[in-house]
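Dock chain B with the ligands against chain A, hints included.
Chain order of the listed sequences is A and B.
Per this note's numbering, residue 1 is the first one in the first sequence, and the count goes up by one each step.
Per this note's numbering, residue 261 is the first one in the second sequence, and the count goes up by one each step.
To be clear, the hints were calculated from the coordinates, so they are not data collected in a lab.
Some clues are possibly wrong.
[Claimed, not checked] With the C-beta cut set under 8 Å, the calculated list includes, among others, these residues of chain A facing chain B:
| id | residue |
| --- | --- |
| 1 | Ala101 |
| 2 | Glu118 |
| 3 | Leu174 |
Where is the CB? At the ideal position from N, CA and C, for every residue including glycine.
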Amino acid sequence: MNAAPVIRLDGIVTRFGANLVHDGLDLEVAPGELVALVGGSGSGKTTVLRHVIGLTRPAAGEVCLFGEDLHAGSPRERQARQRRFGVLFQHGALFSALNVAQNIGFPLRELRIATRAETRDLIALKMAMVGLEPETAVLMPAELSGGMVKRVALARALALEPELLLLDEPTAGLDPERSASFVELIRTLHERLALTVLMVTHDVDTIAALATKVAVLADRRIVSYASLEDTMAVEHPFIERFFGGEHGRRALARSKRTET
Amino acid sequence: MNGDTLQRPTVALDADGAGVLRLGGDWTLRAIAKDAERLRKTLRAGGPDVHWVLDDVTRLDSFGATLLWQAWGRRWPDRLSLDASMRATIERVAVSAAKPLPDPRPFTLVDAIIVLGRAVLGFRNHLVDFVRLLGQLCLDLLHVLAVPRDWPLREISANLFKVGVKAMPVAALVGFLIGVVLSYLSALQLRNFGADIFIVDILGLGIIRELGPVLVSVLVAGRSGSAMTAQLGVMRVTEEIDALSAMGVSRSLRLVFPKVLALTLAMPLLVMWTSSMALLGGMISAWVQLDLSFGFFLETLPRVVPIANVYIGLVKGAIFGLLIALIACHFGLRVQPNTESLSSNTTSSVVTAITVVILVDAVIAIVTRSIGVP
Ligand SMILES: Nc1ncnc2c1ncn2[C@@H]1O[C@H](COP(=O)(O)OP(=O)(O)OP(=O)(O)O)[C@@H](O)[C@H]1O
Ligand SMILES: [Mg+2]
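In isolation and in its complexed conformation, chain A is listed as follows (with noise of 0.2 Å):
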């Protein structure tokens, strides 16, 4: 087994004029994880996500991803690391001119490896995968439901078999019901896909039913990066608010019900 991380952000310093959002924030994932990256709206969260994506870079500071430097090598070795992994935008960041089927078929498309056969079962496997029925192929994204918009982003991260999946917010704008079902489906795709996710949410609900590990972003750094369980032994003002509420406790009680 490879141990190096697929992330690796050290020393990230980020400024946008005036305001210093990241000091020297540091963080590693290992494979296989199923990091939740918390914090206080403002904190820096998407930045970070952007960082990993290489859509921002940081004033200082390094971001690793699958061992390498993120901005080395020639522009073809960039697109090849880029396809290593899957974003879930938080607003589905839909092509809104193409179908259901031409959204997740895109990425396969583009790299103009895939016959057209095999494009129309992969396309048909990856809905089937996120729970889509087939007659959903036809549908133009304006006339999804959000939980629909959010499996359709979910299948077409996934349509370059990444092994690294980031979400920002994936249950945000969901009702409790598709939410949990969205999170169901994010658990058993980390499982048979072994697939290594860094997410953002502000949901205690889904860091608990799916965190392997909690970053905590407070201070313009992580303060705290660890199970759910150490983290709550953690003192810091922000950890004791986030979960220490009336909601955070019974959603964990919740999580430890069904584990056992």
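Chain B with the ligands in isolation, oriented as in the chain A frame:
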């Protein structure tokens, strides 16, 4: 190249002639991508009768599974050995591939008729919407006349700046160059007849009455009309317009009215500015080519071009500005929440605006044929 170890996928037929095809290595998208075509061909060559041995395959993802499933002709081969988890992976491909996705319906004759009908009805729709927009604007105008407190002054001034002041440099450049070119070409002809001084008549009438307003309209339709359509369109996509309505703010009063008013006010000024620049260009060119002095040019101009032409130019400017802004807003409000609709409506906005301006210009030319010609 990459940090972790990637095993090359291999296929080999056993040499002893027993018909055993052995697969090994990683059968994942990333590993296969390097020579997908060759692997696909070797797999196909295997055929359904060989004994498929997948025991040495280290990794198999759904792309690899799909490749195999296709190579097997979408059915399980008779003799196959592989471990249970890989069998499960291929099984999933098989199950989902068995339920084919619906095809987008092909385009038939009936669809063609429907499209035609839609286009005709669509035109009626456009007309109705346009008239409604116009009516709403008239109501808005009455409203602000009655309640002066509600004049959207900030929006109007912002729009005036955007469509008027910011368009000045490019309008000046285009006007000046057109003036130079027009003067140059006319001078070539006039000199043949020794009719040099008529350059002032040609430039004066042509530019002030006709070319100035039309030139500016084309420029403004491309520049400000498209911007208005795109802005309203994106505001629809991002639900900003709905948010305004929810707050009880009239979208036509706050968004459409200022744009229409600003462009109607700015256009005559832009026409004046551009025509002056074109005359300047023509004047310089005439001086260089025909040796007509500036003084002579400026003295002759008011004599040969009756002042009515200036008024016609300005009124035309205002009418064209009104039309361009109305058309731009009309199309902007029709944008559906997707990128395709945004782009097609922006295109339609510009094309329609320019076409309508030229049509209206022709009508005005006929109506005013006896006014202002010496
Ligand atoms: N493009 C940008 N330009 C300027 N400031 C930015 C930009 N993007 C983010 N910021 C600032 O960086 C900080 C972190 O933003 P970010 O979106 O990462 O927060 P977040 O943790 O994802 O918050 P939320 O939970 O509300 O989504 C905020 O203060 C925000 O104002
Ligand atoms: Mg965010």
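Hints versus structure:
1. Ala101: With a closest approach of 6 Å, the alanine 101 of chain A hint holds.
2. Glu118: Since chain B brings a Cβ to about 5 Å from glutamate 118 of chain A, closer than 8 Å, the hint holds.
3. Leu174: This hint is violated: leucine 174 of chain A lies away from chain B, its Cβ roughly 19 Å from the closest one there, beyond 8 Å.
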